Every structure is written in C-alpha cells, then in structure tokens.
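Asks: Chains as they are written, first to last, in our numbering: chain G, 1 to 307; chain V, 1001 to 1304.
Rather than coming from a laboratory, the hints here were simulated on the basis of the structure.
Honestly, I wouldn't trust all of these hints.
[What the hints assert, rightly or not] Computed spacing ranges between beta-carbons, pair by pair:
hint, chain 1, residue 1, chain 2, residue 2, range
1, V, L1161, G, G266, 14 to 24 Å
2, V, L1029, G, I29, 40 to 50 Å
3, V, E1197, G, L226, 22 to 32 Å
Here the structure is a predicted model, which is why all the values come from computation and not from measurement.
Where is the CB? At the ideal position from N, CA and C, for every residue including glycine.
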Amino acid sequence: MWHTACWIGGSVADPRAVRRLLRNPSAWISAAVLLLVVLACVAGPCFLPASLGDPGPNQYAPPSWEHPFGTDLNGRDLLLRVLAGGRISLAVGLCGALVSLFIGTAWGLVAGYAGGVVDGFMMRLVDILYSVPRLIFILIAISAFNKQLQTFASGLGWEWLVQSSQIAILILTLGVIEWLTMARIVRGQVLSLKSRQFIAAARVLGQSHVKILLRHLLPNLSGIILIYLTLTIPAVIIDESFLSFLGLGIQAPQASWGSLLSDGAGAINPLKSFWWLLVFPAAAMSLTLLALNFLGDAMRDAFDPRG
Amino acid sequence: MGLSLLRRLGALVLVLFCVVSITFVLIRLSPGGPFDGERKIPPAIERQLLAKYKLDGSLWEQYSGYLSDLVRGDLRLSTKYRNRSVNEILVQTLPVTLCLGGVAFLLASVGGVWLGTLAAMHQHTWRDFGAMFLALAAISLPAYIVGPLLILFFGLELHWLPVGGWGSWQELILPAVTLAAPAMAAIARLMRGSMVETLQQDFVRTARAKGLRESAVVYKHALRIAVLPVVSYLGPLAAHLLTGSIIVETIFHIPGAGGFFVNSILNRDGFLIGGMVIVYCVLLVLFNLAVDVAYGLLDRRIRG
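Required output: the full structure, derived from the provided sequences and hints.
Replies: What follows is the structure, encoded as structure tokens:
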C-alpha cells in the first residue's frame, strides 16, 4: 500500500510474472479458499431450504446436525444467514472496489500524464483526503443521500433500486473514499512510463492524448490495477461491515457479515455465551479477508521482482 | 521553514472551512428534523424551539450564523441531550477517546517499528515470515472481529481481564490492543520494506566496516533513515485510530466520544454531529501539521 513504485509496470499478460505467481503456494491456497467462499455464498443459499431463513421455534439452538452453525435470536438458521450475508458483503466489496478503481485510475492517469501544476493540485488533494477521517463523512452522507436516492428511484419507477437503495449508496460512497491509494500508485506508474520511448514515439506520430492514455498507458498498468483491485476489495468489505456493525449500513432483515457480527457481539454475556453467533460470521469474514490480502500480496510479489 | 509553515497554516484553514461547509450541507440534506417525534408539536412551540436552537431563518443565515459561532468556539446546543451544549459533551468524552487513542498510538508505532526492524534484520528467516504473516493477518482482521473474540477468550473464558468499562489500567489493555493491532501491522510492513532498502545503502556498509556491532548499525544509524516513511504515515494512522475508536468504544462500553457520535447520527442531532466532525478534523489536521514539521526536522538533521 505504501509502495513507492519505480519498476516499469507490467501488463497482466506478462508470462514471467504469471509463472512466478503460479509457483507461489500462498497464492494457490488463497485463490482456492476464495473460490470456495464465493461459490458457497453464491450457490449455497439455493441448495438450502428457504424456510431456514424464516423465524422458527428453536431460539439460540447450539450447532447441531440440523443447524450446523446454530440458530439466532429469532430461530433462523445461522448457516443460511452467513452465506446470504456473504453474498451482500462480497457484492458490496467487489462493486465498491470497481467504483474506486475507476475513480483512482482516472485520477492517477490524468495527474501523472498532465504533470506540473495540475499534478501538484490533484495530488495535494489526495494528501489532504488521506488525513481526514473519510469514513466519518460517509456515516453522515449515507443518511443524507439514502432518502434522496429512494425518491429519485421511485420517480423513475425502479422498484429494485428503492428496495436496495442502502446497498447502492454503500457501494457508491465506499468506492468514493477508497480510491486514494489507487490514484497514487497509478500516478507513480504513469510518471515512470511517460518518459519511455514508446510514448515519445506515439506522440511524434501525432496520436491524441486520449489515445495515448487509453491505448498505450492503460494496458501497461493492467497488472498493478489488478493487484490493487484485489487489495481494495477487502478494504471495502471492512468499511461496509464497520458501518453495518454500527447499525448504519445494511438494515435488517437483510444481513451482511458486519451486521451478523454486531448481533453476535451483542449476544455475548457472562451468564450464557452464544459463541456460535460470533465465531461463525467472524470465521467466514476473516477467511475471505485473509485470502484476498494474501492473494493480493502474492500478486504484488510476482509482478514486482524487486519486492 | 517559517514561510512553508505559514503556507501550511493557510491550507489548514481552507481545509477546515471545507470540512465545516460539507458537514453543514450533509446535515441539512438529511431528511427529518431534530424535533420529529411521536407527538405533533404545536407551531408556536416549534417556532420557539427552532429559535432557541438557531434553526430559524434562511439556509444562508443559518450557515453564516453557524460559521460565526464556530469562530467564537461555540459548538451550540445538542438538540437531543436537552440543555447540554456540544462543548460540554466534548469536554467530558473527548479526554477518554484521546487517552485510548494515545495509548494505541504509542503501542502501534513503537511495536510496529520494532517488529518491522526485527523482520528486516532477519530477512527470509522464520522470524521474518512469522512477523509478516502475523502482520498481514492483523491487517485483515478488523476491530469488531478481534475485539469480541478477545473479550470471549481473555474476559469470559480465562477471567484475566475485565470485559469492558473505563477507569483502571486493566480495562485499558484489551481495547488498546484491539485498536492498535491493525495499525501496528501496517507500520511493521512499512518499516520492514524501508529497513531492508536502507540496510543495502553505502553508509550502512561503512558502519559495518568500522566494526560496529550489528545492533548499533541498525538501531543507531539505519533506523534514523528507515523510520522516515513511518513518520509520514503517522498522519493517516491517527485518522485510522480516531475512526477505529468509535467501534472499539462501542464494543468495550467505554464512555468516550465515539458512542455519542454514533447516537448523534441515529438521533439526527445535527450540531453534535457537526461539532464532533469538526473537532476530529481539527485534531487530525493539527496533528498532520506537527508530523510534517517533525519530518522536516528529522530530514534536515540527516542532510546536515
């Protein structure tokens, strides 16, 4: 994350880097774990009877054959809740990271390519935003924008957006706060690529700035963009569950890993501990975050031979 | 030095002005007034309430009034906690948050620098891999996973430490560790990278050739240079800790500013939200200024 890059960027298709990545066992293991979690969350709820998600008679049942992860306060099966919550957490993480990727890449490309005063101004803004508690602004912004998006969506007649306006707001706002690192990295890459001969050649040939940016610079940045996409997803997942933990993110009856953890932490007490409410969501979430971070790290090592 | 300091102070005022304006706009944009309740308030009383909390007049009048109050250091009245001013609430709760944050800050920076240096000195050994594995794990695990698990284990299973509350030093341990862990890990990774690079430089070879002990080479000569990226990370670190303390205070039932902050958002307590955001930002911006100055001094000593 604090990588002051001076290596010349690689594209995703660099065969040497791919070979280095495939030789790294930690990349294999984390990719396999990640695949497993994603498959379980996406496909899992389809195979379980939907009635498990409805409130039932057995409150706070400990893990058993019938309910492998136990049940919660309302007698809902925790396994189903964790898988369905994972869907939302993963979706928010991926979409938020994509939003941040878009903003960060565009910002870094323009700043690095333009240079001079423009670069100085844009990067100074990034520095300032780094030192401001951005998540705190998001806390306020969510409640401010949610209502407006709902009225906007119902005006257009988009029922689905009214239903999931909270998720849409989360994706947008979290994407908007997590782009700073991406912008810095991309700018650093552009600065070092810009002075190379193929860019000079393109310029001499009279290609437009837009074409140089999109055709010549962007493909050479694909490796590093992919790496930081992998590292931004866990950051967005953490932010989302931060908000959901405080009760300001995903609202009941929908669940995400953060709100499940919040329920679990609320159920700890010295008299009788419902440990499964905490341990299983925590395990699912930490497994995913660990796998993503280790995969991102392994990719960075593979694409950056200086490491 | 003086000129650049002045320029930074100017930028600081600009940043704070933006923060105040954005906060004001966001609060005004959010739906629902502070007095929306079960019962309908008669219009005459509502008008008086609005006047008391200075919520009457046009939007522009409210904004300029708020700005001029802020300049005088008045953060106004809380609309939820009747007859308590935001200043009062902050004076009571902020010291708690700052104490927790300060301990976590020390723990994170000292522990992180030490771990990172250790990993760099023993590069590619089990210590290096162990420390870096732990660091990546700690970065991946947010406070609301670590905190409740620590409570479950050290508090409820082993009965070693209290599970929450505020007042004694034992009650400080678990929250401080929870808050510091990810930051410490981030610093350790940063420190390792920069120390590995520093140890390859010529002056380190000279120091070694003089026959200095390895520990003296690392801690006396290399550390000064290698610590610079960590110093410039301290600003964002403080922002992380301040945000993280909201969660940690909620988990460990600590009477700090974090709980009030979350409640103020849920209660639509506009001036309390504004006051908290503004005070947080002032603290962070001032801290960043201090870090910048410290960085300049450190850097100058090295060059000179």
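Asks: Now, for every hint given, state plainly whether the structure supports it.
Replies: Hints versus structure:
Separated by about 20 Å at the C-beta atoms, V:L1161 and G:G266 satisfy the suggested range of 14 to 24 Å. Checked against the given bound of 40 to 50 Å, the beta carbons of V:L1029 and G:I29, roughly 46 Å apart, stay inside it. At about 25 Å, the beta-carbon gap between V:E1197 and G:L226 stays in the expected band of 22 to 32 Å.
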